[in-house]
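Since the structure of chain U is provided, determine the placement of chain Z on it from the hints.
Protein chains: 2
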Amino acid sequence: MAQVITDKRDVDFVLHEQLEVEKLSKHEHFSEFTKKTVDLIISEARNLAVKEMLPVLKIGDEEGCKFENGTVRVPESYHRVYELFKEGEWLSLCDDPGWGGQGMPATVSLAVKNYFHGANFPFTLAILLIHGAGKLVEKFGTEKQKKLFLKNMYTGRWGGTMLLTEPQAGSDVGALTTTAVKNPDGAYSITGNKIFISSGEHDLTENIIHPVLARIEGAPAGTSGISLFLVPKIWVNDDGSLGGPNDVICTGIEEKMGIHSSPTCSMTLGSKGQCRGTLLGDENKGMRAMFVMMNEARLDVGMQALGCACASFQNALNYARERVQGRHLLAGGKDAAPVPIIQHPDVRRMLLSMKAYTEGCRSLLYFTGFCEDNIRISSDPAEKARYQGLIDLLIPIAKGYVSDRSFEICSQGVQIFGGYGYTKEYLQEQYLRDCKITHIYEGTNGIQAMDLLGRKLGLNKGQSFRDLLFEIRKTIETAKKLTGLEDMAEKTAAVTAELEKTAGFIGGMAASDKALTAYSHAYTFMDVTGDTVLAWMLLWRAAVAAQKLQAGAKGKDAVFYEGQIASARFFINTVLPVSHGKMAVILAADSTATDLSDDAFGGK
Amino acid sequence: MAQVITDKRDVDFVLHEQLEVEKLSKHEHFSEFTKKTVDLIISEARNLAVKEMLPVLKIGDEEGCKFENGTVRVPESYHRVYELFKEGEWLSLCDDPGWGGQGMPATVSLAVKNYFHGANFPFTLAILLIHGAGKLVEKFGTEKQKKLFLKNMYTGRWGGTMLLTEPQAGSDVGALTTTAVKNPDGAYSITGNKIFISSGEHDLTENIIHPVLARIEGAPAGTSGISLFLVPKIWVNDDGSLGGPNDVICTGIEEKMGIHSSPTCSMTLGSKGQCRGTLLGDENKGMRAMFVMMNEARLDVGMQALGCACASFQNALNYARERVQGRHLLAGGKDAAPVPIIQHPDVRRMLLSMKAYTEGCRSLLYFTGFCEDNIRISSDPAEKARYQGLIDLLIPIAKGYVSDRSFEICSQGVQIFGGYGYTKEYLQEQYLRDCKITHIYEGTNGIQAMDLLGRKLGLNKGQSFRDLLFEIRKTIETAKKLTGLEDMAEKTAAVTAELEKTAGFIGGMAASDKALTAYSHAYTFMDVTGDTVLAWMLLWRAAVAAQKLQAGAKGKDAVFYEGQIASARFFINTVLPVSHGKMAVILAADSTATDLSDDAFGGK
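Line by line, the protein sequences are chains U and Z.
Everything in the first sequence is counted per this note's numbering, starting at 1 for the first residue and increasing by one.
Everything in the second sequence is counted per this note's numbering, starting at 1001 for the first residue and increasing by one.
No lab work stands behind these hints, which were simulated from the structure alone.
The structure presented is a predicted model; accordingly, all values stated were derived computationally and were not measured.
Keep in mind that the hints are not guaranteed to be accurate.
Using 20 Å as the maximum straight-line C-alpha spacing, the simulated EDC-like pairs for lysine to aspartate or glutamate come out as follows [unchecked claim]:
hint, chain 1, residue 1, chain 2, residue 2
1, U, K66, Z, E1063
2, Z, K1604, U, D39
3, Z, K1604, U, E322
4, U, K66, Z, E1425
5, U, K424, Z, E1166
6, Z, K1491, U, D590
7, U, K424, Z, E1063
8, U, K604, Z, E1017
9, U, K554, Z, D1598
10, Z, K1285, U, D335
11, U, K424, Z, D1598
12, Z, K1604, U, E89
13, Z, K1424, U, E63
14, Z, K1424, U, E486
15, Z, K1604, U, E63
With the rest of the complex left out, here is chain U (with noise of 0.2 Å):
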């Protein structure tokens, strides 16, 4: 049968094939993740979504959430949805089962959220927050704050947020205004306005748990002066009863070109004087204990992009297995039969560019996922810091790159279907409008590529990219020796070394007086990192299926290995040469952007 969402077959090669995640199980850590266990969750997850999750990705879409007096209402059939994840305890995938969570590996928990975000991200986004919320209060809390939210927030009777943005202060988190004050019985009282709040208010839950972003009266200026206090909206008493509502208005919702199920909310705090909220971590640490959260949060971003962009890939090329539309190019005469649409040239091309990309955006993420089970399971302090090196660095890709490909994919999966993409008969509009938050929230992608540059080219000294340098050759060395890739792997590593030299250039530029040059080529910089990534996990991928070929793999089996090396192949053949095109620009540094005059951009 067609499938929706996401290819399967594609998703158990990478867990098991490309990053052997069984092997995982070996550990103690994760020792009852075998691979039947695997499988099984996956196999649920997967039903989740199909049945579930994807039949009310439209309706939410048109039903949207309804504000009234401060109250708001998410799609009636949502709640249903939500009813059957908090049952089958899907909201804290890896967590700690102390806790309420499930303890899985990340590289399975990313392959879940492939099924989830395709199905319906605008409705798990509010469950991510909740975990990202509940994370903070796990990582930062007293015992106290813990014993009060923690299980509830990860078993998802309460709802979680993170009250960062306000109007004046969206990119520049340090201009923002909200105060604290302290107490004499310790808590904190909060005044301020926040902007851009998922889940800020809605039905779901019977409370829901802010991190709020403010100042203490009295503290420096900037980012370095702000601090995080958790902010419920029902007070929460010692006891864990609730009390009273703690002064936390939800004053508005977005009216947005996509997801419009998950409610964008206005948030006032204190209109009354009477919202409160306790410390959590220190005083004005709390951007630190953003930061913590925005590898997670940037990665499940790249998550949701890349799920729209499988689903309306999936949508596709079943259209175009079915839709019969013109003649055969080869075909002699006008009276030959029309021919299903994935037969001509052109619709090829776009289908197996949306392949490569999703392959490659796929495999990417859940090694950034491994790479963190890594973490858990090294006893090494050097390895750990190896993996996170290596997560630190490819997290702009995860979140930059990878969406900014997928609202691509998303484009032409709605050409594939003609006039009919454009219409909401299908789900390829929508998934077009939901991608293009992707690029903006959990810092625009124009912010990732600052990022790259900025921190994360130079992090640990260098060693980190010299780290992926090293993890993308040895990729390379096997795929050298196997009959059919050497072309393929000379490509790459051509690309790859290419890629150190621009590396070198451009981090050189950053910190010379010709830094606004440099940072006016980062977001090239992160396309043409994001390339050879991409290169590299589909040779990677290519060389399994090699070695799975050679081992005598047939049938099904061996259509599928063969589509992993023309997915490499394509990209290799057709992308690459336009990275090396894209390097040769950064290497010649015009800096025609930065050395123009403001009024010569005209306009006035």
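Okay, now just chain Z, sitting in the frame of chain U:
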């Protein structure tokens, strides 16, 4: 004052300084269109666009169209704008004044449309269709048909459409099944179902005239058996008075991603056996008639896309100058004052990219109109043929390449607004949604790419393509002699030479047994042809600007001209190296996409 829709100075620059449109007025045909008159037209069009059309753009998106019992109501506020359009005689800009047209140069009409489409192309779409339908009557109608219909259409008293697409005949027009049976009185009975009919039904006019593609009983299969008919919604008696309804029923309208205020109708003709039409042009020559209209329609789509892009850019530029967020990269310490985001390098990169692309595309589209005007004023058949060849060659670029780049610009336009760009508070997200349709209708962009490779590259035995290269090289020769432009001229020459080589290569491959592979690279070929044409247009602009600066331009003018040179430099230095990479891809002729088995795409 900050401008909206598009940059007036730049529109005027193309008209008067790049294309020197007033020279057309030396010819009898355009003698009325002196610089003064042209400026007056543009100024009035801009007024109407800014004051009347733009203010109802968002309202139109929110209200959409209402379908009830076969009738369609457009947004209430559109009626006023439509009346103003009729009063101001803005419907038929270039047509014969004897039939209600304005007889203006096409170049000028494109500047007018730049404002109109940028202000509200879901509205102007209806106007374009009336004009297109009228044009068919003008070109192919009998004297009687012209007398009965034409003036009423060109003056906007009646609406017009194009009934082409059917559920199983989208891109494959030849598969259509609507039938026409000749009656004793010479009229035809029409029976069939049409979909995706823009403005197929609405309440703006008392009547709507539908050109309908249908197959006369016994006609050959495929495109060579298709005839064109004129089918009024309300029958028009021989004395011009209105008869009864003509059994043309709207059965529903599409819910769409964008262009909500433009009704996209499903139409049923002859469900009661009472739909009549008259043959327009010759039997079985319907497709040829359609092709005559195709160039204009596709150029209009390019301008719709560019209209969105220009408006999105202008809004982004205004926002970037006002939005204060973050510190200057080179500012010392965290206490530095925040700056407008136009000072951030990555924002500048986006803005300059948007500027360069919109400017280059503007020149390309106006130039296409300029070629039309030169056909009109020329008495030399060879000259006319040369210009027609240039137009035919440039049309797939003007539609496909321009709409692709415009969509990307609209996406960056959202990006610069950050989270706000994703909300409906601003127009940015609507421009992105509306713009997406321009990739699809009037032939998908994939079809444009096939048209370029399959029909246009070899047009007139390749002479038109050589003519294009000759025009580009004329500009390069001029630029080479201008101080400061030598380097840009050389790089443009290099990309032009590479394009010539690539065109020869892919053209040869398309005619060989590797045709499938060639067509799988057609899209990339459209991309690089577009890049080269844009480099030409921007270099041309830079050459004009450099001459004005050398002649002593001062103040605001000097700033504008420096901006022109910057656009060219940015494009040539940051886009062309990537174009070279894309041409290397074509020349390597990877055939993975066409070699791969259908099953290996996966998903089963």
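Query raised in the report: So which of the earlier hints does this model not fit?
Result: 11, 12, 14 and 15
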